[in-house]
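Student: The primary structure of each chain is shown beneath.
Number of protein chains: 2
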Amino acid sequence: MPGGSSIDKDLGLKMTVHLDGMASASTADTNTTESTDTVSVPHPVNVTGKDTRHRNHGNRVKEEITVIGPESKFHVTPVSEEEHELNNRVPSRPTPELKFELDDEGDTLSNHNSITALLSSKFRDIQKRLKQYGIESPRFRKRLVSRWESLNYDVCENVLYIKEQEKYKSKKWVTLRWLSKWLVMFSIGIMTALLAATIHFVVEKLAHLKFDLIKHYFDDCAKNNCLYQPALMWMGINLVITVAGAALVTFLQPMAAGSGIPYIKSYLNGVKIPGLLTFRAFVAKTLGVVMSILGGLACGKEGPMAHSGSIIAAGLGRGRINFCNGKSISFYSAFRNDHEIRDFVAGGAASGVSSAFGAPIGGTLFSLEEAASFWNQDLTWRVFFSSMVACFATNFLISAINGDPTKLTDPGLVRFNAFKFDLKFDLIEIPVFIFMAVIGGLSGALFVVMNYKLTVFRKRYLNKNWIKIIEAGLVAMVSAAVAFGLMVGINDCTDKAPFDSHAVTAAVYCTDKKHNSLSTLFLTTPEGCLKALLHDPFESHGPVSLVAFVLIFFLLGVWTYGLSVSSGVFIPSLAIGAAWGRLVGIGVAHLMPENPNLGVNSSLIKQLDVGKFALIGAACQLGGILRTTISLTVIIVECTDDISFGLPIMIVLMISKWVGDFITTGLYDMNVEVMGIPTLPFECPPLCDDLRASDVMSHPLATFKTKEKVENIYRMLKEETFCGFPVIEDDPMAPGKGKLKGLIMRNQLLVLLKKKIFCPEGQVPPRNITIKDFRDFYPVYLKVSEIDLSDEEKSYVMDLKPYYNPSPYTVEQKFSLPRMFNLFRGLGLRHLIVTDEKNMPMGMVTRKDLAKFRVGSKRGLVKIEQLKIEDK
Amino acid sequence: MPGGSSIDKDLGLKMTVHLDGMASASTADTNTTESTDTVSVPHPVNVTGKDTRHRNHGNRVKEEITVIGPESKFHVTPVSEEEHELNNRVPSRPTPELKFELDDEGDTLSNHNSITALLSSKFRDIQKRLKQYGIESPRFRKRLVSRWESLNYDVCENVLYIKEQEKYKSKKWVTLRWLSKWLVMFSIGIMTALLAATIHFVVEKLAHLKFDLIKHYFDDCAKNNCLYQPALMWMGINLVITVAGAALVTFLQPMAAGSGIPYIKSYLNGVKIPGLLTFRAFVAKTLGVVMSILGGLACGKEGPMAHSGSIIAAGLGRGRINFCNGKSISFYSAFRNDHEIRDFVAGGAASGVSSAFGAPIGGTLFSLEEAASFWNQDLTWRVFFSSMVACFATNFLISAINGDPTKLTDPGLVRFNAFKFDLKFDLIEIPVFIFMAVIGGLSGALFVVMNYKLTVFRKRYLNKNWIKIIEAGLVAMVSAAVAFGLMVGINDCTDKAPFDSHAVTAAVYCTDKKHNSLSTLFLTTPEGCLKALLHDPFESHGPVSLVAFVLIFFLLGVWTYGLSVSSGVFIPSLAIGAAWGRLVGIGVAHLMPENPNLGVNSSLIKQLDVGKFALIGAACQLGGILRTTISLTVIIVECTDDISFGLPIMIVLMISKWVGDFITTGLYDMNVEVMGIPTLPFECPPLCDDLRASDVMSHPLATFKTKEKVENIYRMLKEETFCGFPVIEDDPMAPGKGKLKGLIMRNQLLVLLKKKIFCPEGQVPPRNITIKDFRDFYPVYLKVSEIDLSDEEKSYVMDLKPYYNPSPYTVEQKFSLPRMFNLFRGLGLRHLIVTDEKNMPMGMVTRKDLAKFRVGSKRGLVKIEQLKIEDK
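Residue numbers (this note's numbering), protein chains in the order written: chain A, 49 to 920; chain B, 49 to 920.
I should point out that these hints are in silico values taken from the structure, not numbers from a laboratory. One should not assume that every hint holds.
A pair holds if it fits inside one copy or across any two, identical chains being indistinguishable in the list.
To be verified - Heads up, simulated DSSO-like pairs for lysine-lysine below, C-alpha to C-alpha not over 27 Å straight-line:
1) Lys862 / Lys217
2) Lys215 / Lys900
3) Lys787 / Lys842
4) Lys820 / Lys862
5) Lys862 / Lys215
6) Lys804 / Lys820
7) Lys803 / Lys753
8) Lys757 / Lys831
9) Lys804 / Lys215
10) Lys220 / Lys900
11) Lys862 / Lys787
12) Lys886 / Lys787
Working from the sequences, and respecting the hints, build out all of it.
Tutor: Written out as structure tokens, the structure is:
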């Protein structure tokens, strides 16, 4: 079995291990799966001397590894696959097949081949065939990128921690800590609301100014045949503002691009996203989103609110603001660990959603959905509190902006609640809704597929900063040009007043106090456009205008999402859906006989119907594109302000999700996949039950003794990329075979080296370090290159005892993959040490080792994929 | 330190263990805390020979224990506390103080006394003082009852399981399993809806008949001076029906009493509640609730729906119906384990709530709230689906009952959605709402306290079945008598037509086409009464009637809850709150100047205001009594059908919860506490961080060897009450000192004994047992008394290897309490084995050992309590 090694478990008491290939992915670009090295060495493997060791992550070149087993000493030379020989820097050698018997009493597990081997052989087949046709491309979806580190929610209960706990071991401190958590949550809510209201105010005012200006030129020039003037002006304004916004995002903090929701979801899932929750990201995000909307892009300001809220939460939680040049202001440090910050970020994301959509319950669920496995009632209650505060404060502030602060009628930035009559639906309408949901699912999937192709194209060819900025400017100009073309070309005139009395309406070529129907859709923000589509009278928008609008806005939406600007995809998705929903509504109104039983005049019914269909269409489209589940439903229901209409909304969201999932993943998931972020699914994929800890763990292990030479530590940190190292008993009789004592993190070691907590052998080690010193480096940790050690210092010894976590989670080698999933999801683990029967560490399972296993779905076929970990 | 043993951890490398008292609670009734035996034996403790061993659970008499340590062999005699000497069957002896040094290299943990000892000494002080004053009572709240077993959500991955997995290791089976899960969820939704609609229809029709009859007698007799006739008739009807309902519940399945929500919450938390999810409970619950309401008790049919839905779910999940005489029909057994059944029950509870209140989101959250730590997205989606189906089907069925199945306007059994105008609120009303929330919190706490006293009284004096039935009948008669007295006594006449055009209105003494105002409240179901209070016109109910109603209904509500009948507390709570909310509304309407700016006539405003205040009052009262958090909010908001009014509802629910929590726990929590159900809180109580696994574990351990004599197994099962036994390596050189091999459950052993899976020593053991044989016994497991073994069979040997779980969760002895909480909550564990450095089992931590630690709150003071485990 070349390339993929496997365990043949005999029914009897022998275990045969084929060490015929450590990892086949020497040049992994063309190799779709990485074969886990399922080498199950029954005894701890330790490398002595100066050998450089590499685990099976990524496509690093494997070198000779000395493995010291209990019975024998042997050399393992990794062998590359045949088809990679040319690219291989290490020439392939005959494979030494090693067989040894386990001294384990044996187990009676049934004999089956590892599913890993089965899978990888299949993938190789497909790959070979692809090569025959010359189709070979870097893959962006079926991989994880190794640079994404995981967060660690487990508490390191070392001596320093216990000492600190002692200090605060009184009811006073417990109460104070409890109170300050609530206070921080309250502040998060208030500040998010302030931000939301400010953005709303600024965008509305400035956009109105901009479109008013264009409208006047339009109306003047239509008479004087100078329509090129408003067109050029429009394009010019868009270009300048958008380029500014794109430059801000690109140069200040690229993580601020897009809606930020995929990143926030990944963060809550347990992945560290560098730069995501920084002050720079905040500036780029908030200013950027204002510029994106003023720049005329097809995007909304709602999605980014979740990101902004999260940054506020992280900042308040950390009690520190980092400015540009490494300067920072620090207030308090009690909450500086992954666990507490994640809790605050959950509150911040919920507040952001809550103030954007006026949906406190939806916002809470939004945070809960991703982080559900670490959830508890107390935290739910706090998150709910902060999102309620955010909703209430936003309501108050926007009502105040609108003139009457005591009438609390605007709980969020965007609301669909202006239906003049109760939304009622009849059972016979359900089939129509289901039909619409199928359309929504299909078109949503099309949106995702197109955006995926575009994203891959961008990643490959448009990866220079200046190209990104130019592309953003181009999109802004095209947006204006196309809108201009449609307005002038279709010239759909209507005399129906738009729903929003402040809306900008241009006449263009229309006369008799009529106005151009498309002007109410294009001479406004995307949000205003959505409102118009939902609430404008029945006759406002003709079918031709709507068809044109749907096509154009769909393409612009696809093109805009993924630009290097701060932009949300909620509003454009809803607007696209509302437009074709309106089309369906018009169709239904024409097909159906007018109901003679109702005493209301027919135009009113049509008006209501059209709004209803627009709303359902919007929900379908959003569901087809995003596929978020229960939280999205609640958000839309809360936005609609009408529970009884929630039922059809739920139905269409479920169906559009199913239809969409049949074809491809959702937009956010696609984003996460393209970035190679190792998010952990909630459950182990099916058919993987027979994988054991020994199959997925990385090994041999890089371990430290409880008293380790500084030189060894320094070298190990430099050479290895691992973030956690088991600490073993220092047994001079059998070096490297000690029992597990604990687990120490890379970050801790770096701080210890930086603070020079070591001494010559035999002396008493310095202990002048507290847990606060570690916190001061959170979350921007040191790099090895920042450590400066003299040769004398390198000969010193570091006592790791007070610093390592004395009780890390360990499992036994036969522990199954599904249960490891439960452990990692349930506890927010980052490292799990696999030990043998004698409590000696055998290997390490990390979050990424599990995230590799994923259920893929393509054209309705479910398959299990084992992703590869790449360096980039 | 008598009674409580402790660990003094020196800063140095020695650990001193005082074995001066194994467990003090010999007669534990008067002992408020059980001191955990914090004896930390660094080596596995095993008992040889025929010694009976007892762990520190409950008040069993401790006997001599032979502990074999690695260094010495010593005898430990448990010593009782001084004050218990009289009751002690074992005379106290001088305490052997044992000191030995750990062979562990030592740890530098700081020296502090165990908080356990500190706490227990404090409690003893209080107890002594209570004794001085002769106040000594069995405590019902500060204890756990040992008979409640925990559920086990972990998969036992033994050879049988792996074999079965092999069989189904294909995409076809995976898909089939996935589909059948969805199908079961769908069926749960449909059947719950059918049940809800049926109950609704039956209750509404019969109640209308009953009250119509009484009304006619009333109106006739008011003229003819024979009012004793309707009074007696009313009381008679109530008595007969209620006694029948109470008898049904009491004799068929007492678990069907009350709303069932506390039990369902406990079940979802992870506690096995025998009889809760049986067919008998279903019959008693559904028929019982119909009788309770027809019997005129102050209760609702909504709470019990959650229980009924759960039973339906459990039945469908198990694929088996157990009838009375041990007969059953079995369909399929694939889902027969705690994990799958819990998932279905979550769906069933959600469906029940959803069809009761038309609140699919609220229902989902209701299930999620308690089970959040084992939650995942896939399950959320399924639960949401089933509750949506239930809501939709209920809507369809009730609309059909009401005449038009295609107008889907009744999504639940109870709705507050009939407000004719949009519910709007103004910022200046918020202080009034807050004031009402404080009242709600206070009166809710009063409700809980009164009901608690009553519950304790009932438990002590009214514990005979016939007394329970008589009490129920008495309550029913008093309910009728009091209602009659109020109607006749107050004689509040009104000419306003009630909101519900079908409502029964009696004139009694009123003339001029007026009717008795209280008759619309009493001659209806509690649900109709709630509707009347929310929606009746402003002038319908005078302040005197309302005050009388509030007082009477409050007392009746307290008295009714906890009767041995099937009854819900939602509706009476809401009705009480709505009544006093209406009072507040009337007060505000009289105080406030009429707003001249509004063009509507003032009576309309009053009408609206009064309904609004009634709604807020209802929310406040419910929040004060129940204190459920986010799910309750969502349920009420969904019931109200108006999101914008959700904000004030959220605010008052939060405040009423806070105010109530300041005084006492919520009603459901009180119930759980009184029953001594060991529910596990979400987080470890504060100030317990320094407790370690070695402090809370039970030991010495009862262990089995991998090949164990049948006699030993049988004896151990008979003598011990533990449900999990570690299996250790069979080392003939050092008996009882083997390394941990796995964990076997009591239930497994019983099945193995029953099926006689053993053989004489040296022979090949029979293997004719599959995992289905184990499932057939789920969930009603065998008892030891059902096992019948001959003497020859007792000498046989059982090979446990294929049956035990080879990779149980283990932790190291220094593992801290908060992290153990995370493990148990995050993974739904039942047993956790504590091992030493050499992987030998030292002790066992069970769910109950953690559930003992709880944050108590009384009069605003937070304290940490360590509960005692009692046998009853």
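Student: Against this structure, judge whether each hint is valid.
Tutor: Each hint, compared with the structure:
Within a single copy, Lys862 and Lys217 get their C-alpha atoms only as close as 40 Å, which misses the 27 Å cut-off; across copies the closest is 19 Å, which meets it. For the identical chains of this complex, Lys215 and Lys900 are inter-copy neighbours only, at 25 Å across copies versus 42 Å inside a copy, given an alpha-carbon limit of 27 Å. With identical chains, the CA atoms of Lys787 and Lys842 are at most 27 Å apart within one copy only, with a shortest distance of 26 Å there and 40 Å across copies. For a Cα distance limit of 27 Å, the shortest separation of Lys820 from Lys862 across copies, 23 Å, qualifies, whereas the shortest one inside one copy, 39 Å, does not.
Taking the shortest alpha-carbon separations for Lys862 and Lys215, only the inter-copy value of 20 Å comes in at or below 27 Å, while the best intra-copy value is 41 Å. For a Cα distance limit of 27 Å, the shortest separation of Lys804 from Lys820 inside one copy, 16 Å, qualifies, whereas the shortest one across copies, 61 Å, does not. For the identical chains of this complex, Lys803 and Lys753 are intra-copy neighbours only, at 20 Å inside a copy versus 51 Å across copies, given an alpha-carbon limit of 27 Å. In this assembly of identical chains, the alpha carbons of Lys757 and Lys831 lie at most 27 Å apart only when taken from the same copy (19 Å versus 59 Å across copies).
For a Cα distance limit of 27 Å, the shortest separation of Lys804 from Lys215 inside one copy, 25 Å, qualifies, whereas the shortest one across copies, 58 Å, does not. For the homomeric pair Lys220 and Lys900, the shortest alpha-carbon distance between copies (23 Å) is at most 27 Å, but the shortest distance inside one copy (46 Å) is not. Both within a single protomer and between protomers do Lys862 and Lys787 lie at most 27 Å apart by alpha-carbon distance, with minima of 19 Å and 15 Å respectively. For a Cα distance limit of 27 Å, the shortest separation of Lys886 from Lys787 qualifies both inside one copy, at 7 Å, and across copies, at 8 Å.
The structure is consistent with each of the numbered hints, conforming to all of them.
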